[in-house]
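K.L.:
Read off the chains here:
Number of protein chains: 2
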Amino acid sequence: MNIAILFGGSSYEHEISIVSTITMKKVFKKSNLLFIFVSSDRQFYLIDVKDMTSKLFSSGDYKKCKQITLKKGGFFIDGWFGAKPVTFDVALNLIHGRDGEDGKMASLMTFFSIPFISPRLEASVLSYNKLYTKFFAESLGVKTVPYEYLSKTDERKITTPYPVIIKPVRLGSSIGVSIVKNESELDYALDVAFEFDTDVIVEPFIVGVKEFNQAGCYTNDWELSIVEEPHKEEFLDFEKKYMDFSRDSQVLAADMNDALKTKIQENFKKIYHPLFGGAVIRCDFFVIEDEVYLNEINPIPGSMANYLFEDFEEMIYRLASHLPKEKHITVDYQYIHSIQSAKGKA
Amino acid sequence: MNIAILFGGSSYEHEISIVSTITMKKVFKKSNLLFIFVSSDRQFYLIDVKDMTSKLFSSGDYKKCKQITLKKGGFFIDGWFGAKPVTFDVALNLIHGRDGEDGKMASLMTFFSIPFISPRLEASVLSYNKLYTKFFAESLGVKTVPYEYLSKTDERKITTPYPVIIKPVRLGSSIGVSIVKNESELDYALDVAFEFDTDVIVEPFIVGVKEFNQAGCYTNDWELSIVEEPHKEEFLDFEKKYMDFSRDSQVLAADMNDALKTKIQENFKKIYHPLFGGAVIRCDFFVIEDEVYLNEINPIPGSMANYLFEDFEEMIYRLASHLPKEKHITVDYQYIHSIQSAKGKA
Chain A
24 MNIAILFGGS SYEHEISIVS TITMKKVFKK SNLLFIFVSS DRQFYLIDVK DMTSKLFSSG
84 DYKKCKQITL KKGGFFIDGW FGAKPVTFDV ALNLIHGRDG EDGKMASLMT FFSIPFISPR
144 LEASVLSYNK LYTKFFAESL GVKTVPYEYL SKTDERKITT PYPVIIKPVR LGSSIGVSIV
204 KNESELDYAL DVAFEFDTDV IVEPFIVGVK EFNQAGCYTN DWELSIVEEP HKEEFLDFEK
264 KYMDFSRDSQ VLAADMNDAL KTKIQENFKK IYHPLFGGAV IRCDFFVIED EVYLNEINPI
324 PGSMANYLFE DFEEMIYRLA SHLPKEKHIT VDYQYIHSIQ SAKGKA
Chain B
24 MNIAILFGGS SYEHEISIVS TITMKKVFKK SNLLFIFVSS DRQFYLIDVK DMTSKLFSSG
84 DYKKCKQITL KKGGFFIDGW FGAKPVTFDV ALNLIHGRDG EDGKMASLMT FFSIPFISPR
144 LEASVLSYNK LYTKFFAESL GVKTVPYEYL SKTDERKITT PYPVIIKPVR LGSSIGVSIV
204 KNESELDYAL DVAFEFDTDV IVEPFIVGVK EFNQAGCYTN DWELSIVEEP HKEEFLDFEK
264 KYMDFSRDSQ VLAADMNDAL KTKIQENFKK IYHPLFGGAV IRCDFFVIED EVYLNEINPI
324 PGSMANYLFE DFEEMIYRLA SHLPKEKHIT VDYQYIHSIQ SAKGKA
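Top line first, the protein sequences correspond to chains A and B.
The first sequence begins at 24 in our numbering and counts up one residue at a time.
The second sequence begins at 24 in our numbering and counts up one residue at a time.
Everything labelled a hint here was simulated from the structure, so no lab data went into it.
Be aware that one or more of the hints could be misleading.
Said to hold, decoys possible - Under the rule of at most 25 Å between Cα atoms (straight-line distance), these lysine-lysine pairs were calculated in the PhoX-like manner:
| # | chain 1 | residue 1 | chain 2 | residue 2 |
| --- | --- | --- | --- | --- |
| 1 | A | Lys366 | B | Lys73 |
| 2 | B | Lys49 | A | Lys94 |
| 3 | B | Lys107 | B | Lys73 |
| 4 | B | Lys73 | B | Lys49 |
| 5 | B | Lys95 | A | Lys87 |
| 6 | B | Lys286 | A | Lys95 |
Keep in mind it's a predicted model, so treat the numbers as computed, not measured.
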């Protein structure tokens, strides 16, 4: 199968996306990979597989690669003798953060009729924004940690008891996240978060909380990964998560009882279906007194959470043949015809 | 000012968008208008003002107009001697329904750095989907009518007492909407709604409910329209709403007391700010026992609700100079550099 990986983007996680994508070279063993880079100023480049090293990007040398144009039906290489299409079977959106996870890439792919693996538009917006994720989870009866919401212009007053965790609502990879132990640290933590976003959520920080990650998708049936209990320190900071994005070997399943595993899987399915059709997502859950709480949805997890699946490549093939189809709308101009008739203009 | 109106789209409201846009020729008296048509198969065409009649579209003659390409920085006319930009100051998104109101056009304009008047991506998704509008309004303390939610695959059982109104969650202009007086009519109404969408909401239908419409935007200050009490029959069906989209003369304000007017305005402001920055929206409210309920948000109202404003054109000029700016993200490759250093590859 020919798979075009989209990566980069105008995103704080641009570099993480490059790391995720380079990892894919090892993960996809049978496929023919194409690499479509979205530069930070949002130009598209077709990168040859042999050039796919991190240095190509950090040195700026990617600018010497072929620039391509997005049009109806796909990407095209413009030339003197017309535009030549870049051919592939499916695009895989690996742009983390803005552009990739916020719904823009989903919009572009849908609008220009390119088959793609990634959350669709609505799924992106609801999972990219941590506040909307709360609304969405609550509506499904999936528990989440209690929270407060603060905008940049709001008074900096919170009622959640310390310690708390402050998160910009629209970022991943722990960017702008702080743990605040007491009031004296609040202001600085909010300054940091508001560097990245106009809105934050504040949640109680639960020391030593059990965390479990479940990834999966729906093809012709559920394809659920093993459940992982990530090893972590206080929380994963950007550099540690960064390394986390280059994981390519399968990990061991968490040691847990069947009842809890089932609970986690049921919550995953509630979140996933039907909104996330066409995507491989990872949900991170907390377990507190045997109750399962959604911590966050990773709509485009680092290195696609490949390390949680037994045969990731084959699953991607199945997913590629079970993508949601956009409804075809026929425009027949019957209303305009009838108005014209009524006005005697037809 | 040079204003490019985007209209058409792959949408059930494609024809309504054409009517809305033709109306704009009368509404904008001082501006230089450009017309960018999105055909139902999502090609872009530049339409000359003299050709802007409904017949151009219904006859298919628009296909003889200049096709243009969307790229970084704007729309371009491709030619033998390179691509020539289509120049304008601001784009005005007048695509009703899918593509325009669902967030795709907002994504495209943002991604390709085109200044535009319309709700942004998140605002589009939250207002295009009537279920998400409920979540959003509730989170702001804006009351909405109680509802039930049904998916195509759910059992067709409702608990709301009859009569009820059935609405596809993702359509406007009353498409697919039915009033159901008793259980025997339910199945047919759901069949109709599910023709257009995979999900519906069911609300009590309140006979003779008072409805008030408030439009507005925020520029350097609030710019609120008069409040209109729309004259209506049971509800406006597609054809009546269609005619409604061509309104171009100012209407009279509803006769109402100041307290109620203030309540409506306060609810409008809560909905609008800050999510809808950059857009002119219309909110339709119900008033039941002196309480104000949000019925729906029209993120791109018919003919931009121009008929509710005293000087619509000047307001658009002010809005065009107060558009939300996307945060600039600098990518400096410092993490990749540091990994390379650690690996001795730098």
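K.L.:
Checked against the structure, which of the hints given earlier come out wrong?
P.N.:
2, 6
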